[in-house]
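Participant: First residue of the sequence shown? That's 184 in this note's numbering, and the numbers climb one at a time after it.
Hints listed in this document are in silico derivations from the structure and should not be mistaken for laboratory results. Hints are all accurate, no fakes.
FRET-style restraints, in silico, Cβ to Cβ:
(1) L207 <-> V187: 25 to 35 Å
(2) F218 <-> V187: 41 to 51 Å
(3) Y212 <-> F192: 22 to 32 Å
(4) V187 <-> S208: 30 to 40 Å
(5) Y213 <-> F192: 28 to 38 Å
(6) S211 <-> H190: 27 to 37 Å
(7) F218 <-> K188: 41 to 51 Å
(8) Y216 <-> L194: 25 to 35 Å
(9) K188 <-> S208: 24 to 34 Å
(10) H190 <-> H210: 27 to 37 Å
(11) T217 <-> K188: 36 to 46 Å
(12) T217 <-> V187: 41 to 51 Å
(13) T217 <-> K195: 30 to 40 Å
Glycine residues also receive a C-beta, built at the ideal position from the N, C-alpha and C atoms.
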Amino acid sequence: MKLVKNHKFILKIYTFLQIALLLLSIHSYYISYTFVIDDRFEWKSDFNEQRKMYKAECKSYFDGITIN
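Just need the whole structure built from these sequences, with the hints factored in.
Facilitator: Following this line, the structure appears as structure tokens:
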């Protein structure tokens with residue numbers, strides 16, 4: 184009888200550890216997902232700002248080139 188109680192206690196500890204590890208992995212996935220989304224959003228907004236500020240100044244580059 185004592186062995187059965189000990190076995191149930193070990194199963195409860197094992198189940199608790201599995202649930203704790205599952206929750207930690209879900210939390211880790213959530214944190215990494217939010218960082219990826221934030222980074223992608225910042226990259227897109229930075230790209231749009233750079234595109235608006237960009238002014239092509241290639242006319243002076245082609246002045247010295249002669250076409251044969």
